[in-house]
Amino acid sequence: MATNPVPSAPLEAPRTPAKTNRIGLQVLDYRGGKTTLCAGCGHNAISERIIDAFYEMGVQPERVMKLSGIGCSSKSPAYFMSRSHSFNSVHGRMPSVATGALLGNHTMKALAVSGDGDSASIGIGQFVHLMRRNVPMIYIIEDNGVYGLTKGQFSATADIGSKLKTGVINDLPPIDTCTLAIQLGATFVGRSFSGDKKQLLAMLKAAIAHNGTVLLDVISPCVTFNDHEGSTKSYKYMQEHDEAIDEVGFVPFFQEIDVEYDPGTTINVQMHDGSHMRLRKLHEDFDPTDRVASIAAQLHAHANNEVLTGVFYINTQQPSFTEMLNLVDEPLGTLPDDRVRPGRAVLEEMMQRLM
Amino acid sequence: MATEDVALAASAEQSILSKPDTHHQTPQSTIVNDFSIQIATVNGSGSQSANSVLLRSIFRMGIPVSGKNLFPSNIAGLPTWYTIRASKDGYVARKKEIDILIAMNPETSKEDILSLPVGAAAIYEESADLKQFRDDVACYPVPFDKLTAAVCPEAKLRKLVKNMIYVGVAAQLLQMDMQAVEAALRKQFAKKVKAADLNWAAVQAGYEYAAANFTKNDPFLLQPMNATEGKIIIDGNAAAALGSIFAGCTVVMWYPITPSSSLVENFIDLAKRYRIGPDGKATFAIVQAEDELAAIGAVLGAGWAGARSMTATSGPGISLMAEFAGLGYYAELPGVIFDVQRTGPSTGMPTRNQQGDLLSVAYLSHGDTKHVMLIPGSVRECYEMAMDAFDLAEQLQTPIFVMSDLDLGMNNWMSEPFAYPEKPLNRGKVLSAEDLTRLGGFARYKDVDGDGIGYRTLPGTDHPLAAYFTRGSGHNEKALYTERPDDYVHNMERLSRKFETARSLMPQPEVVQSGKSRIGLIAFGTSDFATRESRDQLLKEFKLDTDYLRIRAFPFSREIHDFIASHDRVYVIEQNRDAQMLSLLKLDLDAKDIVRLRSIRHFNGLPLDARTITDDLVSQEGI
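Those sequence lines, one after another, are chains B and A.
When the letters of the first sequence are read in order and numbered with numbering that gives the first Met the number 0, they come out as residues 0 to 354.
When the letters of the second sequence are read in order and numbered with numbering that gives the first Met the number 0, they come out as residues 0 to 622.
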């Protein structure tokens with residue numbers, strides 16, 4: 000990158016040839032600038048998993064665009080994948096920018112990073128409309144229940160009874176972005192925890208393989224403003240209340256399937272790109288293709304003070320927004336003149352009609 | 000009106016509604032091809048077809064004509080007026096005085112007839128007995144329902160067909176060419192032959208009734224001319240949509256708002272017709288947004304990704320777009336925003352005209368933000384400036400606002416046919432993967448060429464050095480985050496240089512001057528029509544010669560400064576209360592020239608008329 004700081008290279012050249020992915024890139028090619036977030040911030044762990052997922056899936060970084068709103072989470076695209084174009088937009092309005100960018104070039108992979116304030120408070124309007132359009136993109140909410148950049152006010156995902164450092168207790172119900180997304184039409188919805196490397200990585204890789212809106216609500220503790228006793232978004236609280244609904248496994252399309260699974264306990268989902276997602280049920284009767292059951296499971300979990308994680312809902316059949324628009328195969332933005340400007344005869348015909 | 004006062008007849012413009020003098024008119028000579036017709040109806044009554052047939056019949060007779068729909072913010076049941084002006088001299092501004100009234104709305108008919116000047120004519124439903132109010136107006140009572148029933152057996156169609164009766168009555172009284180009327184009517188109904196036959200029968204019934212029952216008692220006549228040959232009739236929104244199609248616009252995100260909605264609706268029709276390939280796939284994406292914030296967000300996102308994108312809105316939408324407009328300016332994103340202005344502030348009068356968004360758009364958003372505005376003054380310019388706007392947006396890498404208004408956007412205007420664009424699309428400074436290899440990288444916000452405009456890359460450019468980070472927060476030449484004072488100032492000064500580059504790229508003003516007059520007039524947009532007519536009035540009635548400059552864009556080009564500097568007094572004519580254009584000029588002018596400026600304003604929601612300008616100017620000049 001000429002425009003972003005090149006991540007620091009190892010002090011000594013490795014003796015063995017550097018490990019590369021299926022398109023011949025090193026993990027270094029997926030790194031970004033140095034993070035300016037607090038040490039221990041959950042967001043940094045999520046950035047690491049994004050790097051791993053895109054590296055392991057062998058996605059060309061130039062084929063990805065990163066989008067974000069405003070807030071700590073929205074700063075994080077600067078800290079991974081510097082070879083991807085990035086757009087840090089306006090508070091709560093990233094969904095519209097992402098939608099427009101994808102309309103301009105629907106051949107790109109879009110990865111959006113937002114926060115709970117950016118999505119559930121100021122941005123709830125655009126959030127719900129993005130979900131109902133099933134815009135083909137990965138939408139990550141780095142969810143810590145507070146505003147970080149303005150120093151620790153509650154966001155709309157804060158749980159009832161959750162306590163701020165100042166002692167203020169939240170007495171309003173949280174907006175559950177996952178339930179909302181399932182209800183509105185997103186086709187891949189799940190929740191994870193920044194501290195759960197394995198689950199988050201598998202979900203991110205499956206997200207890359209999906210065609211449609213992926214909403215991942217990732218609980219990502221704010222070590223500065225919301226990691227104390229009484230917080231429901233702290234590391235400790237998550238360790239105690241994280242309840243996985245399924246175990247997420249993933250076999251990418253370029254890897255031979257050699258792992259057996261038990262169809263009685265595991266749901267095999269064939270993804271858009273030919274990959275397979277394996278969901279081993281941890282809850283009885285759970286069916287991630289059933290919207291109603293999935294929403295019910297969320298409501299039960301809330302009642303039991305559990306933080307449900309895993310893939311909640313998956314629908315690989317629903318056409319994405321750009322498919323529904325029936326666009327030409329090439330990006331709209333770079334179509335040549337003669338494909339976007341009708342000929343002389345068209346104008347003459349129009350003029351005749353208006354005479 | 001019992002519930003809502005949407006009064007709009009000419010009388011409502013005067014402060015007191017008084018019964019005019021009723022002394023009898025003196026015998027008069029004929030007035031040919033120079034008068035206005037006002038059709039007073041109820042909205043939702045389907046009078047639009049009839050009004051359009053009347054307008055197009057006059058057009059087909061070769062007589063310059065213009066039409067204005069003055070309508071309430073309502074779907075059905077409130078009064079609506081359509082005015083048609085025939086003008087042998089080609090004047091297309093609203094004419095203040097109504098010469099012929101067609102009173103179809105019993106709720107307003109008394110007020111309508113009282114508003115007429117002495118010597119006018121009125122066609123009305125017989126039972127309304129309007130003659131009792133005016134014996135100085137030529138009255139033509141018509142039994143509309145009886146005539147309609149005779150030609151239209153189907154009761155549910157009568158409401159619509161009834162309107163065609165007045166077309167026939169007017170045609171007879173004005174001695175119109177019935178071939179032209181029939182041709183206009185058949186074109187109106189296109190392939191719907193049965194509907195055309197039925198409506199034509201109604202026109203004839205009206206014609207025959209008038210011929211058999213009326214003695215003409217007014218001076219107004221239409222006689223064929225040859226002044227509309229080869230001309231087209233179109234509204235400004237349709238023209239702007241056409242321009243957007245030929246500009247190669249590919250992404251549209253919009254939120255419906257009067258009076259801009261028909262711009263996008265026209266674009267949708269055109270795109271479906273001309274921009275779908277043989278395989279059924281579209282070279283466009285049109286999305287109805289959840290609000291104007293999303294509309295502008297998507298436009299800028301699409302522009303960032305390399306697409307020619309646009310939205311159309313009006314004042315309230317502009318307000319919502321403010322934050323994004325600042326991002327567009329600062330992060331340097333192309334996009335086109337059509338602002339079809341209406342009467343503000345707030346919800347204001349949504350279906351009435353105003354040029355009221357100039358100041359807010361010029362500086363839309365917080366911080367030091369300023370924007371380029373193109374200001375079309377005709378339907379042809381709606382078409383041409385739409386194309387200019389897309390070129391300029393990519394050339395300047397900034398949002399471009401096209402400042403139309405309700406009068407221009409929603410009314411029908413005559414025009415020379417539009418010309419096919421001869422220049423290829425100007426896509427601005429975009430680096431390809433090959434360029435990056437040759438250059439060994441780039442800095443997004445570096446002023447390489449000294450014009451303040453950097454080079455950009457598009458997402459998807461297949462080169463490891465292509466990507467950059469776009470943000471609305473502080474950034475340096477390399478698009479890296481910065482809060483350094485020198486970086487910030489450097490960047491902001493470059494943006495100022497870019498605005499100066501914009502000044503040189505703007506469409507030049509139109510100047511009409513003899514070089515002898517000490518008085519200059521400045522107008523823009525739809526204030527142009529009345530200003531031209533007023534200049535003729537001033538010359539004819541007061542022997543006052545004036546020079547004229549029509550502004551077509553902001554930032555102002557040097558010619559505007561020179562024009563003001565070379566006149567003793569310059570009247571800035573505009574349709575808003577606060578002299579917004581004059582204020583913008585003040586900010587741009589040398590102090591010694593500011594004192595030359597005078598203001599003529601009109602802001603009652605009705606389109607500006609020439610007499611208002613003439614009266615105001617004469618009074619200010621002390622003539």
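Keep in mind the hints are simulated off the structure, nothing from the lab.
Backbone N, C-alpha and C define an ideal beta-carbon position, used for all residues, glycine too.
A hint or two may mislead.
[Claimed, not checked] Selected chain A positions facing chain B (in silico; Cβ < 8 Å): (1) Phe-213; (2) Val-250; (3) Leu-424; (4) Asp-589; (5) Lys-591; (6) Ile-593; (7) Val-594; (8) Ser-598.
Outcome of the hint check:
Interface hint at Phe-213(A): violated, since its Cβ lies 33 Å from the closest Cβ of chain B, which is beyond the 8 Å cut-off. Because the smallest distance between the Cβ of Val-250(A) and any Cβ of chain B comes to about 5 Å, under 8 Å, the interface hint for this residue holds. At a threshold of 8 Å, the smallest CB-CB gap from Leu-424(A) to chain B is about 5 Å, leaving the interface hint in force. Taking 8 Å as the C-beta contact cut-off toward chain B, the hint placing Asp-589(A) at the interface is violated, the least distance being around 38 Å.
Here the hint on Lys-591(A) is broken, as its CB sits about 42 Å from the closest CB of chain B, past 8 Å. Interface restraint check: Ile-593(A) against chain B, minimum CB-CB distance 37 Å, threshold 8 Å, status violated. This hint is violated: Val-594(A) has a C-beta 42 Å from the nearest C-beta of chain B, more than the 8 Å allowed. For Ser-598(A), the interface hint is violated, since its Cβ never comes within 8 Å of a Cβ in chain B; the closest pair sits about 37 Å apart.
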